[in-house]
Amino acid sequence: MQTATDSKPGAVVFDRRQVYRPFLERLNPIGSQNLLPDEIVAPDHDPRDTGEPPIHVAFANTAELTRGSQMALVGGIGSGKTTELLLTQKELSRHSDAVNIFVDMADYTDLSEISPGAILATAGIQLYRRLLKKAGSKKLPDAVGTAWAKLRELAFGKTKWIDPEAFDPHDDESGADLVPVEVPGVMKLRFPALRGQVVEILGQLLTIASPLLEDEAQLTLLVDGLDRLIRPELFREFAEQDLQALRGTKISVIIVAPLLFLYDKSRFLQDYFDPVKHIPAAAADPRTSTFLRQILERRGALDFMDRAEIATIAKYSGGALRDLLTLARSSAEYAYRDAEDRIGRGHVNAAIKQLGNRYLVGLGNTHRRLLRRLIGHGEFPIENSTARELLVNRQVLEYFKGGVDYFAVHPALTRILPKPA
Amino acid sequence: MTDFSATIAFGLIRRLAAAGTDTPSLYLLISDTGATRAIEADIAAEVQLQLGLGLRSLVAAEMRLDRLEEAFKRDPDRPVTLITLDHWLPKLVTALDRNVVSLTRGGAVLLLANQAIAERLLSAAPNLRNRLSDVLAIRPDEAFGGPMA
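In order, the protein sequences belong to chains A and B.
Quick note on numbering: this note's numbering labels position 25 of the first sequence as 25, and the sequence is numbered without any gaps.
The number in this note's numbering is simply the position in the second sequence, starting from 1, with 421 added.
Bear in mind the hints are in silico, worked out from the structure with no lab data behind them.
We treat Cβ as the ideally placed atom computed from N, Cα and C, and that holds for glycine.
Some hints here could point you the wrong way.
Unchecked claim - Only pairs whose alpha carbons sit at most 16 Å apart, straight line, appear in this in silico EDC-like list of lysine to aspartate or glutamate:
#1 B:K512 <-> A:D110
#2 B:K512 <-> B:D487
#3 B:K512 <-> A:E113
#4 A:K353 <-> B:D424
#5 B:K494 <-> A:D274
#6 B:K494 <-> A:D110
#7 A:K250 <-> A:D285
#8 A:K250 <-> A:E216
Claimed, not checked - Coverage of chain A stretches by chain B, computed from C-beta distances (three or more under 8 Å per stretch; other residues unrestricted):
#9 200 to 209
#10 264 to 272
Excised from the complex, chain A in its bound form:
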């Protein structure tokens, strides 16, 4: 391929960047939201049950038939949860009255802080934006405008102007001589009581949503990003109040949740969600499935490498989609570095070694012992916190076959894991 990069008439200069750049952009594992629809390969069945519809279809069906349902998508980092949410959003759009709100919570609030009400507030902000767009030059009902003003104040705070003379920061209006004493009631709540501010935000959200709900519109909130909290208890602290507040409304919720919920002893998932869907980190078995190879081919891999290289990349990805893209991308970068127009076996091997090294770094003796035990004896004590760490960091992958879950060390790591002395 030759590309004109010189302004002199007739000068044609070979620019390898122009060959590889579009391919690298399509392989970017951290830009899946920017993919074109034909670059996404939609699964044709549930990853844990070939007889069931794919997750995005199951979610869409539930949201369409049972308004107000709450659904959870549980999976490891990089397992394709965002892609499933995007596919669900697309599926839901088949009905003209569907109002789908897709939010990555990290775009709206600092995930380092626990913020009850943040999900509701984000939903309210997005719904109001939709209503404004839909209304065009028409005026929205007064109640909606008032609710928006209150919600904005609750979400973003406000500045109060007070007389500095009258301001005493030590003045406690509740009475300086009184201390609170909690007297527990006999009724233990299955779900925690809603905080006042969350109730207030919910009220404004429902008022904003009222024109849509009165028209029987199908409202679905798709919440991404909270799986980055990793630990189930952090997710619970962040989301529980909001999820509870939305129960009984006609707004459906699909939320991604951390993988470790699957191994958590609390009943949080069962109490709040129906259905709960689980995406294993390995989207497909690289030895038997063509799904992984299709993903690379859909993104133009055959223009750069032979089928043998594609198969090797699929095998050493272990079935993890993000690693599949990372390996293909690294291979292309190695080929570019060597000034080659095609990706060869050496480039793929270098990329596998590099990925293996990424998984190797930071592993102590305890980690290595667990990995060797898994490789040698197939044992993996998931109740052990170090084992869970290996799972979260994808050094160990979860697979599902014939109704049985099992674990395996990531193949790129297996390849470079030093043998015990």
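Starting from the known structure of chain A, fit chain B onto it as the hints suggest.
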């Protein structure tokens, strides 16, 4: 030390040029502590030379947790951001980990750390680890063949 691909600033920025600086990417660069300053200077020079752009350079110890959105903000004139992790700051690492999507949205992000901090980072920040485009051992230009003529 884990055997990561070795590079110098020239090779690193050549990669960025191939992928395009608008493409979200996140690299972890591991260097010797004593070489940090020289590497920062090398990267700034290569960004200027190869991409014709300025480098946005941040130092972890000076980053404020309550002003992280400024670090995440996109700067069209300086789409490459270098964050030097000069100290182990667990709260900053947690914030970067949970907000990793915002971090990378602005373009290319380069995290520069010594081996010890890099290992702690990879263990403590699973989201960030997962989104790394690559991990590279980086050395100052001189280490590869003596001072440039």
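Going through the hints against the structure:
The straight-line distance between the Cα atoms of K512 (chain B) and D110 (chain A) is roughly 13 Å, inside the 16 Å bound, and the hint therefore holds. For the hint linking K512 (chain B) to D487 (chain B), the alpha-carbon distance of about 11 Å falls within 16 Å, and the restraint holds. Pair hint K512 (chain B) plus E113 (chain A) holds up; C-alpha atoms about 11 Å apart against a cutoff of 16 Å. Only pairs whose Cα atoms come within 16 Å are accepted, and K353 (chain A) paired with D424 (chain B) is accepted, the gap being roughly 9 Å.
For the hint pairing K494 (chain B) with D274 (chain A), the CA-to-CA distance comes to about 38 Å; that exceeds 16 Å, so the pair is violated. Between K494 (chain B) and D110 (chain A) the CA atoms are separated by roughly 14 Å; this keeps the pair inside 16 Å, and the hint holds. Only pairs whose Cα atoms come within 16 Å are accepted, and K250 (chain A) paired with D285 (chain A) is rejected, the gap being roughly 39 Å. About 9 Å separates the Cα atoms of K250 (chain A) and E216 (chain A), which keeps this hinted pair within 16 Å; it holds.
Three residues within the 8 Å Cβ limit are the bar, and the segment 200 to 209 of chain A against chain B gives 0, so the coverage statement is violated. Three residues within the 8 Å Cβ limit are the bar, and the segment 264 to 272 of chain A against chain B gives 0, so the coverage statement is violated.
The structure fails hints 5, 7, 9 and 10 (numbered hints given earlier, in ascending order).
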